[in-house]
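Engineer: Sequence:
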Amino acid sequence: MDLKLREDATFDAVSLGEVMLRLDPGEGRIRTARQFRAWEGGGEYNVIRGLRKCFGLKTAVLTALADNEVGKLVEDFMLQGGVDTSLVVWKKTDGIGRLCRNGLNFTERGFGIRGAKGCSDRANTAISQARPEDFDFDYIFGELGVKWLHTGGIYAALSEQASRTVIEAIKTAKKYGTLVSYDLNYRPSMWSAIGGQAKAQEVNREIASHVDVMIGNEEDFTACLGFQIEGQDASLKELNVDGYKKMIETAVQTYPNFKAVATTLRTVKTATVNDWSALCWADGQIHKARDYQNLEIMDRVGGGDSFASGLIYGLMTTGDAALAVNYGAAHGALAMTTPGDTTMASKDEVEAIMGGAGARVQR
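Per full-length UniProt numbering, numbering through the sequence shown is continuous, rising by one, with the last residue being 363.
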């Protein structure tokens, strides 16, 4: 693949989306917890942090935070992850969150027959209120320069103005030669407040017409773009891989602007044991990643985001879709073996897993 990445760019990649404070009860339940471990996380941000922390690219985040102590804590987490925060928009607040606030995400990991559970507290946040004019996109993409923009459907669903901000950012990025990836990441509970699935399809279809690399799972493509997998087992005990391939081919025919389309393949056996793989279409071919059978999972949240960052790294640095989808699958698999939304893997570990390395002790 010849992606024609912009050369005169300050940043290799930036993300646009919400960054929340994740509060994690560890092995326990949210409803009975007496203490929480704090992390940062967010669907779009997790991708850009993985590109920096695991793969060593120069990245920045486009987001807005309430200018208070919690916002500063979230920024400190981002700085620890190596992500540039100079483009963060700081919103004034009145001290109790009436004007705006920072998002919270309580997440329990699940175990065995008990699935993972998230409880978000993110209404009226600074980034949900942000409008296109809050960001100087011409300066960011034109003057500073960005090789790759990543954003997604979680942020687009936050509010009407969030949807408009995504569209304006993507259009401006494309004007200056920035490549755009988008993770559909459908969340029905979020879209319900601004028009439900019909609104999700309206917004995502407009966005899709400007995207270079589209990412999502089967539910995402169905709910957001209207594509179906014929013959898919409703229980998801058996994945219809041929059905996924046909769905991708339909997506490419509908949106000829797509340079690549990728989807994760997951069979959920229990909350802590999944089968895991991925597909990527590019240059008229569909490539399948290595299968990770009976993958043991510590924390599945963020696995798809880590897949996306590995995929993007592979596409940016090699232009080889077959290699890129394996970077993504290996990175996603590793990320789910550690707690928190964000990766704790190194590029060497990812490449070792891609090469078939086992779990023997390294000394």
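Calculated from the structure, these hints are not laboratory results.
Just so it is clear, CB atoms sit at the ideal spot from N, CA and C, and this is done for glycine as well.
Treat the hints with caution; some may be incorrect.
Below, a list of computed lysine-lysine pairs in the DSSO-like style, where the Cα atoms sit at most 30 Å apart [claimed, not checked]:
| no. | residue 1 | residue 2 |
| --- | --- | --- |
| 1 | K58 | K72 |
| 2 | K199 | K175 |
| 3 | K4 | K92 |
| 4 | K171 | K269 |
| 5 | K269 | K246 |
| 6 | K171 | K199 |
| 7 | K171 | K245 |
| 8 | K58 | K199 |
| 9 | K347 | K174 |
| 10 | K92 | K58 |
| 11 | K174 | K246 |
| 12 | K174 | K117 |
| 13 | K171 | K117 |
| 14 | K269 | K4 |
| 15 | K174 | K269 |
| 16 | K171 | K58 |
| 17 | K58 | K245 |
| 18 | K269 | K347 |
| 19 | K4 | K117 |
| 20 | K72 | K4 |
Quick list of simulated restraints, FRET-style, between CB atoms [said to hold, decoys possible]:
| no. | residue 1 | residue 2 | range |
| --- | --- | --- | --- |
| 21 | A352 | G142 | 36 to 44 Å |
| 22 | K175 | Q35 | 27 to 35 Å |
| 23 | G355 | R98 | 17 to 25 Å |
| 24 | I30 | M344 | 34 to 42 Å |
| 25 | G95 | E351 | 28 to 36 Å |
| 26 | D242 | Q80 | 42 to 50 Å |
| 27 | R29 | G284 | 19 to 27 Å |
Engineer: Range first: 27 to 35 Å. Now tell me if the beta carbons of K175 and Q35 are that far apart.
Structural biologist: violated (48 Å)
Engineer: Given the proposed pairing of K171 with K269, does the C-alpha separation stay at or below 30 Å?
Structural biologist: violated (41 Å)
Engineer: Does the Cβ distance between G355 and R98 fall inside 17 to 25 Å?
Structural biologist: With a Cβ separation near 54 Å, G355 and R98 fall outside 17 to 25 Å, so the hint is violated.
Engineer: Check the hint pairing K269 with K246 against an upper bound of 30 Å on the C-alpha distance.
Structural biologist: Holds, at about 25 Å.
Engineer: For K171 and K245, compute the direct alpha-carbon distance and say whether it is at most 30 Å.
Structural biologist: Holds: K171 and K245 sit about 29 Å apart, inside 30 Å.
Engineer: Taking only the CA atoms, is the gap from K347 to K174 under or equal to 30 Å?
Structural biologist: holds (29 Å)
Engineer: Quick check on a hinted range of 34 to 42 Å for I30 and M344, using CB atoms only.
Structural biologist: violated (23 Å)
Engineer: Quickly compare the C-alpha distance for K58 and K72 to 30 Å and report which way the hint goes.
Structural biologist: With a Cα-Cα distance of about 22 Å, the restraint between K58 and K72 holds, given a limit of 30 Å.
Engineer: Please test the hint of 42 to 50 Å on the beta carbon pair from D242 and Q80.
Structural biologist: At roughly 43 Å between Cβ atoms, Q80 and D242 fall inside 42 to 50 Å, so the hint holds.
Engineer: Does the structure keep K171 and K58 at a Cα separation of 30 Å or less?
Structural biologist: holds (22 Å)
Engineer: Is the hinted pair K58 and K245 satisfied, with a Cα-Cα distance of at most 30 Å?
Structural biologist: With a Cα-Cα distance of about 33 Å, the restraint between K58 and K245 is violated, given a limit of 30 Å.
Engineer: Does the structure keep K4 and K92 at a Cα separation of 30 Å or less?
Structural biologist: violated (40 Å)
Checked against the numbered hints given earlier, the structure breaks hints 3, 4, 8, 12, 13, 14, 15, 17, 19, 20, 22, 23, 24, 25 and 27 and satisfies all the rest.
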